[in-house]
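A.B. asks: Since chain A is already given, all that's left is putting chain B on it; use the hints.
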Amino acid sequence: MDMFTLMSGLQLTCIYGILAIGVSIIWSSLGMLNLAHGFTFAVSGYGAWWAATTLGNSGWIVLGAGVATGGLVGLCIYFVAFLYIYDKPNYPIRALIATMAINMVGVQTLMWLFGPRMKSLPKVFGSGVVRLGEVVMTYGQMGTIICSVGTLGALLTWLGLSRRGLEIRAVMQNREGAALVGISLRTTALWVLVLTGALAGLAAVLLSQTFFVNPYAGLQPLIKGLIVALLGGLGSIGGAMIGALIIGFAEALTASYLGGQYVLMVQFGMIIAILLIRPRGIAGLLDESREE
Amino acid sequence: MDKKKPSDNTLVGRRRWLPRFILAGNRTLHRRYIPFTRRTWFQGYAEVNPRNLVREYKLDDKRPWFWIVGLVLAFIIPMVIGTNLVYTAAITFAMYSAINLMWMLVIGTAGIFSLATLAVVGVSAYLTAWLSIDFGITWPMMLILGALIGLVVGVIIGLPALRIDGLYFALLTMGMVELCRVYVVSSKVFGAAQGGLYGADTFIPADWQFQTPGLVLGYVAAFCLMLLMLGIYRLVNGQRLGLLLATARESEATAEALGINYQLARLTVFVISSAALGFIGGFYAAYYKGASPALFSIDMVMLLFAMLVIGGIGRAEGAVVGTAVVVFIDKIFVEYGAIRLVIIGLIMLAVTLFARNGILGVRLQFVEFRNKTKSGRRAQRTEKGGEAMPEEATEIRDKDQIYFRRFDKRLREDLKKMVTPELIEEHRVKPLGQHSDSLERVLNYFRRAGGENKYVLYEISPGIEYKVVATTGIRGLLPRDVDDVVYTDKNEALHAVFLKRVQDLMES
Numbered sequence: 104m105d106m107f108t109l110m111s112g113l114q115l116t117c118i119y120g121i122l123a124i125g126v127s128i129i130w131s132s133l134g135m136l137n138l139a140h141g142f143t144f145a146v147s148g149y150g151a152w153w154a155a156t157t158l159g160n161s162g163w164i165v166l167g168a169g170v171a172t173g174g175l176v177g178l179c180i181y182f183v184a185f186l187y188i189y190d191k192p193n194y195p196i197r198a199l200i201a202t203m204a205i206n207m208v209g210v211q212t213l214m215w216l217f218g219p220r221m222k223s224l225p226k227v228f229g230s231g232v233v234r235l236g237e238v239v240m241t242y243g244q245m246g247t248i249i250c251s252v253g254t255l256g257a258l259l260t261w262l263g264l265s266r267r268g269l270e271i272r273a274v275m276q277n278r279e280g281a282a283l284v285g286i287s288l289r290t291t292a293l294w295v296l297v298l299t300g301a302l303a304g305l306a307a308v309l310l311s312q313t314f315f316v317n318p319y320a321g322l323q324p325l326i327k328g329l330i331v332a333l334l335g336g337l338g339s340i341g342g343a344m345i346g347a348l349i350i351g352f353a354e355a356l357t358a359s360y361l362g363g364q365y366v367l368m369v370q371f372g373m374i375i376a377i378l379l380i381r382p383r384g385i386a387g388l389l390d391e392s393r394e395e
Numbered sequence: 453m454d455k456k457k458p459s460d461n462t463l464v465g466r467r468r469w470l471p472r473f474i475l476a477g478n479r480t481l482h483r484r485y486i487p488f489t490r491r492t493w494f495q496g497y498a499e500v501n502p503r504n505l506v507r508e509y510k511l512d513d514k515r516p517w518f519w520i521v522g523l524v525l526a527f528i529i530p531m532v533i534g535t536n537l538v539y540t541a542a543i544t545f546a547m548y549s550a551i552n553l554m555w556m557l558v559i560g561t562a563g564i565f566s567l568a569t570l571a572v573v574g575v576s577a578y579l580t581a582w583l584s585i586d587f588g589i590t591w592p593m594m595l596i597l598g599a600l601i602g603l604v605v606g607v608i609i610g611l612p613a614l615r616i617d618g619l620y621f622a623l624l625t626m627g628m629v630e631l632c633r634v635y636v637v638s639s640k641v642f643g644a645a646q647g648g649l650y651g652a653d654t655f656i657p658a659d660w661q662f663q664t665p666g667l668v669l670g671y672v673a674a675f676c677l678m679l680l681m682l683g684i685y686r687l688v689n690g691q692r693l694g695l696l697l698a699t700a701r702e703s704e705a706t707a708e709a710l711g712i713n714y715q716l717a718r719l720t721v722f723v724i725s726s727a728a729l730g731f732i733g734g735f736y737a738a739y740y741k742g743a744s745p746a747l748f749s750i751d752m753v754m755l756l757f758a759m760l761v762i763g764g765i766g767r768a769e770g771a772v773v774g775t776a777v778v779v780f781i782d783k784i785f786v787e788y789g790a791i792r793l794v795i796i797g798l799i800m801l802a803v804t805l806f807a808r809n810g811i812l813g814v815r816l817q818f819v820e821f822r823n824k825t826k827s828g829r830r831a832q833r834t835e836k837g838g839e840a841m842p843e844e845a846t847e848i849r850d851k852d853q854i855y856f857r858r859f860d861k862r863l864r865e866d867l868k869k870m871v872t873p874e875l876i877e878e879h880r881v882k883p884l885g886q887h888s889d890s891l892e893r894v895l896n897y898f899r900r901a902g903g904e905n906k907y908v909l910y911e912i913s914p915g916i917e918y919k920v921v922a923t924t925g926i927r928g929l930l931p932r933d934v935d936d937v938v939y940t941d942k943n944e945a946l947h948a949v950f951l952k953r954v955q956d957l958m959e960s
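If you read the sequences in order, they're chains A and B. Using our numbering, the letters of the first sequence map in sequence onto residues 104 to 395. Using our numbering, the letters of the second sequence map in sequence onto residues 453 to 960.
Note that these hints are calculated values from the structure, not bench results. We treat Cβ as the ideally placed atom computed from N, Cα and C, and that holds for glycine. Errors might be hidden in some of the hints.
If we take Cβ atoms under 8 Å as the criterion, some of the chain B residues that face chain A in the derived model are [stated by the list, open to error]: (1) Tyr620; (2) Gly627; (3) Leu631; (4) Met754; (5) Leu793; (6) Val794; (7) Leu798.
If we strip away everything but chain A, and leave its shape as in the complex, we get (with noise of 0.2 Å):
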């Protein structure tokens, strides 16, 4: 494996595993696939993008916009497809079907307001290479290394001491019983959506760093995140980063030996073998054994 397959494999690694976590952490605390999590992803993307053209090319405003526009989508999610259906019957597929059509409406929205046309975002990082003895590493790449891998444990320090962390993880352990303890699930479904979609913001910004902006940007990303937290079995947060090390490094080194076009196939036979092996993903406990 030569040094830039490994690079990039790291890179796309802590993209995915920032998706696959606020798709898994969502899951296990709200009961909700959140199919609109592409859709945060794209309008991160345009929101950066926005920001970038008028209020200035400067890393953190780029940044910032982009994460902010997360949250805001996360916002409205909370608002459309969870707070009016979360203590109806079917809720699950209800919330599912909810986040889709979110997304189906928001990416032609985007589509109209903004065109197919691609938006390129400034390198928030600047562009230059380091070289740390033989590795070469792009300033973007190993931005992205840091910035994710340092927003991760934050965020894993967070939820492991902060009162707010404790609920969060309480909700994600047993609903009722956290309900039952006092805490409040539409506070923690505010919290935990705007992070997640603020989460998302984040990796719209650093995976525009080697792609671009387009209404449909989301899609994939939606893909990746959902196979890597279903991989790692949903409401684990472990599981999820090993499932996006499996998967992101899956994808480098198939698009460096096989091809771009054998990306997904490869993976996805990938995903047929373990789910074979472990019909929960790699961390995922049976339901019998999870506390629902």
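C.D. replies: Chain B alone, transformed into the frame defined by chain A:
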């Protein structure tokens, strides 16, 4: 849906729309059976209309009528409009409804969340088209081989469903779809260069191609395909397999305890529907003269899923109506471009947010909502003295009851004014014998009350011990104890009964 014969108090007063057929008196019990079965064509019951004393036959289940009317309309409307655009849309509608019916069987009946439905159609369409082009098989053979291919593919995809379930299986099938798509797009045999595989045999005569007669023939054929799939849906979902799986849906543990092998039933349903989907694939190839990679695109799967959800999951009507709505918007508003997808998305959003189970579930949801609010209102009204309110009155058969209750309420209001501490004291001093006018009136009212829940005195041992009991009003059913106080003095006991009755009067 409640299929029992509605009891009287739910039926009277609700102006339901019911087709009524006037019967000759001796035909009440005459039933026409479907030949060689013990089923009747329609389920209904005969009864005498109390207004005009005419025997009428009412349908229990109106769905067969809706189906017949709806299908006839669906068949006729494109013929009446008759433009090529409408015929194309109608063919798409019929074909997608056929696919969706089978998908409904997989998701609704078997409870397997598979996204590979369209892919089975695609695999079968590609293979039959390939066989037809390279080996020259004709279109009837394409249909048969398509079904066989679907059967095999169904077994291959279905087996993992024994082990993997829910979203994980959805992911697995999504992976399979993607594998198929990439293979088809990059394979030379399956026409990677032309964007699809074309040139298969077709049932449409060569000089009718792309002409209105060809479209009409295509529509009639696609409609027959849809009818066939409706038949399969009915056979699987309404018969033994469907019942077994309905039990499993309620509770898997119970089903297992009853000895139902629901895993096998699930797999069977999955394989049956896959074979049917393969048949549809053969039809697809025989109508479009080939297959296109669009059959494997995720967008298409999502659009079909949107149809199921808009219609309502778990019922055949849902698949057909949902398909009709989406195809109508998608094909008729073609000139509006991408905006129609926004419309579809907004409809989806509205349906999921406000309807519990699609458009077809709205009626049941409304009935439940109405019953809830109605019983709430009724509970408020019966507090007002037990008089029958107009709404309630329509549901009481014996109209004397209404007048009696009105009289009774007014009487009680008068008597309540008479009950004073002096009156109770008068009764305590002398329960029997001659009383003042108002006490006599109150006592008369008590004496006249019906036997139901009437407080009476019970002699445990005559002249020594008494207690208060309440009669049930039903012959043969023993009175119930009211409290465990035992009275030794008869007058005291009589006064206790009086106090109980007064208490009930004041509370009514």
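A.B. asks: Report holds or violated for the interface hint on leucine 793/B, using the least CB-CB distance to chain A and a cut-off of 8 Å.
C.D. replies: holds (5 Å)
A.B. asks: Can glycine 627/B be said to touch chain A, with a Cβ gap under 8 Å?
C.D. replies: holds (3 Å)
A.B. asks: Under the criterion of a CB-CB separation shorter than 8 Å, is tyrosine 620/B in contact with chain A as hinted?
C.D. replies: Holds - the Cβ of tyrosine 620/B comes within 8 Å of chain A, reaching about 6 Å at its closest.
A.B. asks: Please check whether valine 794/B passes as an interface residue: C-beta within 8 Å of a C-beta belonging to chain A.
C.D. replies: Valine 794/B check passes; min Cβ-Cβ to chain A is 5 Å, inside 8 Å.
A.B. asks: Does methionine 754/B hold up as a contact with chain A if the rule is Cβ-Cβ below 8 Å?
C.D. replies: With Cβ-Cβ at 7 Å, under 8 Å, it holds.
A.B. asks: So, as I understand it, the hint says leucine 631/B touches chain A; can you test that by seeing if any CB pair is closer than 8 Å?
C.D. replies: At about 6 Å, which falls below the 8 Å cut-off, the nearest Cβ of chain A leaves the hint on leucine 631/B intact, so it holds.
A.B. asks: Minimum Cβ distance from leucine 798/B to chain A below 8 Å?
C.D. replies: holds (6 Å)
In this structure, none of the earlier numbered hints is contradicted; all agree with it.
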